[in-house]
Amino acid sequence: MSLSTEPYKGARDFYPEDERLQKYMFDVMRHTVESFGYEEYDAPILEPLELFLAKTSDEVVNEQTYAFEDRGGRKVVIRPEMTPTVSRMVAAKRQELAYPLRWYSIPNLWRYERPQRGRLREHWQLNVDLFGIDNIAAETEIIQVAGAIMHNFGATHEMYTIKLNSRKLLDQLLSDYLKLGDVQQQTLRRLIDRRNKMEESEFLAEADSVLNPSQHEANLSEKLLDLLNIKSIDNLPAEFKDHASVHELNILMTDLQKLLITNIEFDISLVRGFDYYNDIVFEVNDNHPDNNRSMFGGGRYDGLVGLFGVEPLPSVGFGMGDITMKNFLELHNLLPNIRPETDVYAVLIGDVASKAHTVIADLREMGLNVAVDFSGRKTDKQIQSAVKKGIHYVLFIGEKELDSEQYTIKNLITGVEEQHSIQRIVSIVKDYRQQ
RNA sequence: GCGAGGAUAGCUCAGUUGGUUAGAGCGCCUGUCUGUGGCACAGGAGGUCGAGGGUUCGAGCCCCUUUUCUCGCCCCA
Numbered sequence: 000m001s002l003s004t005e006p007y008k009g010a011r012d013f014y015p016e017d018e019r020l021q022k023y024m025f026d027v028m029r030h031t032v033e034s035f036g037y038e039e040y041d042a043p044i045l046e047p048l049e050l051f052l053a054k055t056s057d058e059v060v061n062e063q064t065y066a067f068e069d070r071g072g073r074k075v076v077i078r079p080e081m082t083p084t085v086s087r088m089v090a091a092k093r094q095e096l097a098y099p100l101r102w103y104s105i106p107n108l109w110r111y112e113r114p115q116r117g118r119l120r121e122h123w124q125l126n127v128d129l130f131g132i133d134n135i136a137a138e139t140e141i142i143q144v145a146g147a148i149m150h151n152f153g154a155t156h157e158m159y160t161i162k163l164n165s166r167k168l169l170d171q172l173l174s175d176y177l178k179l180g181d182v183q184q185q186t187l188r189r190l191i192d193r194r195n196k197m198e199e200s201e202f203l204a205e206a207d208s209v210l211n212p213s214q215h216e217a218n219l220s221e222k223l224l225d226l227l228n229i230k231s232i233d234n235l236p237a238e239f240k241d242h243a244s245v246h247e248l249n250i251l252m253t254d255l256q257k258l259l260i261t262n263i264e265f266d267i268s269l270v271r272g273f274d275y276y277n278d279i280v281f282e283v284n285d286n287h288p289d290n291n292r293s294m295f296g297g298g299r300y301d302g303l304v305g306l307f308g309v310e311p312l313p314s315v316g317f318g319m320g321d322i323t324m325k326n327f328l329e330l331h332n333l334l335p336n337i338r339p340e341t342d343v344y345a346v347l348i349g350d351v352a353s354k355a356h357t358v359i360a361d362l363r364e365m366g367l368n369v370a371v372d373f374s375g376r377k378t379d380k381q382i383q384s385a386v387k388k389g390i391h392y393v394l395f396i397g398e399k400e401l402d403s404e405q406y407t408i409k410n411l412i413t414g415v416e417e418q419h420s421i422q423r424i425v426s427i428v429k430d431y432r433q434q
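For the first sequence, counting from 1, position 332 maps to 331 in numbering that gives the first Met the number 0; every step adds exactly one.
Be aware that a few hints might be false.
What the hints assert, rightly or not - The calculated lysine-lysine pairs, modelled on BS3-like cross-linking and capped at a C-alpha distance of 27 Å, are: (1) Lys-74 / Lys-162; (2) Lys-196 / Lys-178; (3) Lys-380 / Lys-409; (4) Lys-257 / Lys-222; (5) Lys-196 / Lys-325; (6) Lys-162 / Lys-178; (7) Lys-325 / Lys-8; (8) Lys-388 / Lys-22; (9) Lys-387 / Lys-325.
To be verified - Ranges of calculated distance between the beta carbons of each label pair, as one might list FRET restraints: (10) His-246 / Tyr-23: 36 to 44 Å; (11) Arg-292 / Ser-384: 35 to 43 Å; (12) Ile-427 / Phe-13: 26 to 34 Å; (13) Glu-16 / Glu-417: 26 to 34 Å; (14) Ser-293 / Asp-170: 15 to 23 Å; (15) Gly-71 / Pro-15: 37 to 45 Å.
Derived by calculation from the structure, the hints in this document are not laboratory data. All C-beta atoms, glycine included, are put in the ideal place defined by N, C-alpha and C.
Work out the full structure: start from the sequences and follow the hints.
Right, dumping it as structure tokens:
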């Protein structure tokens with residue numbers, strides 16, 4: 000029996016063409032967040048189990064992590080998300096860091112779960128976090144960063160929608176307006192989160208079963224439904240018009256509009272799963288009919304840093320996964336053709352390997368990336384290798400060229416072939432690379 | 001953890017009520033063509049039909065188990 004060539008369940012191999020794509024996506028992310036002044040950090044892939052017990056949801060920690068005991072009996076977890084880790088790092092240097100703190104990372108994360116569309120066991124996730132700002136300007140910037148990344152990927156506003164909500168507002172509506180107890184609120188939040196996946200009648204039935212035990216007013220589930228159907232902040236119940244969260248949402252939406260981020264939408268049913276979000280949350284949805292789903296999101300999680308025994312720190316951030324983004328880019332035809340790093344494939348004609356070393360070394364010295372075919376095969380086979388690798392230029396080196404020091408360079412895309420000196424070839428290829 | 005549907009050549013897939021030696025297209029290799037890719041022509045290699053067991057005179061096809069992939073659910077990035 001032979002070994003399997005399959006990668007581990009739910010994980011991916013990145014062949015060079017896949018890796019090029021991944022690199023492109025990370026480059027766009029990096030350039031964008033760095034333009035806002037975010038600095039990159041990283042951390043170990045293993046963390047102590049306790050780190051995730053406090054605020055990540057129970058099911059995630061207990062059933063969807065890779066957790067084990069190390070040889071010294073310590074309980075460890077392969078990180079399923081980055082937010083607890085970055086909070087830990089910030090807490091460790093709480094007093095000495097310069098605020099506001101803008102940090103980002105692109106860690107690989109693992110979850111033990113059944114793979115499905117857009118969700119595998121291993122993925123990479125851009126994490127962008129802003130610490131130390133307790134006002135709505137932080138949310139404005141974080142959402143602006145998310146929008147800028149989308150823009151730099153070539154996405155237009157019609158392709159996606161940014162949904163906004165305030166957990167504080169939702170909590171108040173559930174407790175003060177609908178007068179629900181804590182347990183009911185929690186159950187209902189989960190239900191609201193799943194609402195768009197179910198039929199309205201089904202939702203109503205489940206809502207009834209949560210609400211009816213309460214001895215409050217009748218038709219509560221209809222009242223709830225009316226509430227959830229509110230599409231604009233202006234239509235909220237009158238007594239909430241002056242609520243602090245409504246003011247914040249208004250400022251946030253106005254400021255985003257000023258920044259020309261107009262594809263935003265108030266969505267009172269937006270919850271998000273993590274317990275640590277405590278105020279504004281947002282989510283970016285793909286508008287494509289074949290992929291109408293939430294792609295990524297984030298929000299404010301002010302309480303997390305304080306768990307490490309230091310003074311709490313206002314925190315806003317989001318995470319953007321590579322798989323969902325790749326699906327989005329593919330579906331909207333936004334993935335560019337990415338050239339390999341190799342500029343030139345040197346084709347050796349005849350037994351010239353020894354004599355060709357110097358000229359090839361010179362090319363590299365002058366800044367070109369050059370791969371050489373030492374196989375001794377016929378010219379057409381060597382060219383075919385270059386074509387298959389996606390390399391755009393072939394450089395022919397034979398006795399003729401070595402004697403005259405005029406080398407034949409051929410662009411495989413245009414088919415144009417010319418003879419030039421090494422210096423001239425370098426400048427031609429470099430010019431081409433800039434295009 | 002639960003449900004549904006797949007797995008046949010490197011890839012995409014045919015394969016009749018169970019019946020000779022399992023096919024196609026593309027790709028790959030060789031040659032026409034030892035200094036030029038994509039085209040053309042000619043030839044060739046490549047399959048224990050995902051794995052294991054069972055039924056049968058006979059299994060790619062039927063049954064059981066298992067692995068894995070896809071799509072959902074739960075949950076959620």
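Within 26 to 34 Å or not, the Cβ separation of Ile-427 and Phe-13? 31 Å, holds
Please test the hint of 36 to 44 Å on the beta carbon pair from His-246 and Tyr-23. 41 Å, holds
Sort out whether Lys-325 lies within 27 Å of Lys-196, counting only the CA atoms. 23 Å, holds
Within a Cα-Cα threshold of 27 Å, do Lys-380 and Lys-409 meet the stated pairing? 15 Å, holds
Is the straight-line distance between the alpha-carbon of Lys-325 and that of Lys-8 27 Å or less? OK: Lys-325 and Lys-8 at ~19 Å, within 27 Å.
Indicate whether the distance between the beta carbons of Glu-16 and Glu-417 respects the range 26 to 34 Å. Given a distance of about 29 Å, which is inside 26 to 34 Å, the answer is holds.
Below or equal to 27 Å on CA atoms is what counts here, so check Lys-387 against Lys-325. Holds. Lys-387 to Lys-325 sits at ~24 Å (cutoff 27 Å).
A range of 37 to 45 Å was offered for this pair. Does it hold for the Cβ distance of Gly-71 and Pro-15? 39 Å, holds
Are Lys-257 and Lys-222 close enough, with their CA atoms no more than 27 Å apart? 34 Å, violated
Pairwise hint evaluation, Lys-178 against Lys-196, where the allowed Cα distance is 27 Å at most: Holds, because 26 Å separates the two Cα atoms, which is no more than 27 Å.
Would you mind confirming whether the straight-line C-alpha gap from Lys-74 to Lys-162 stays at or under 27 Å? 38 Å, violated
Could you see if the CB distance from Arg-292 to Ser-384 stays within 35 to 43 Å? 41 Å, holds
Violation of the numbered hints given earlier is confined to hints 1, 4; the remaining hints are satisfied by the structure.
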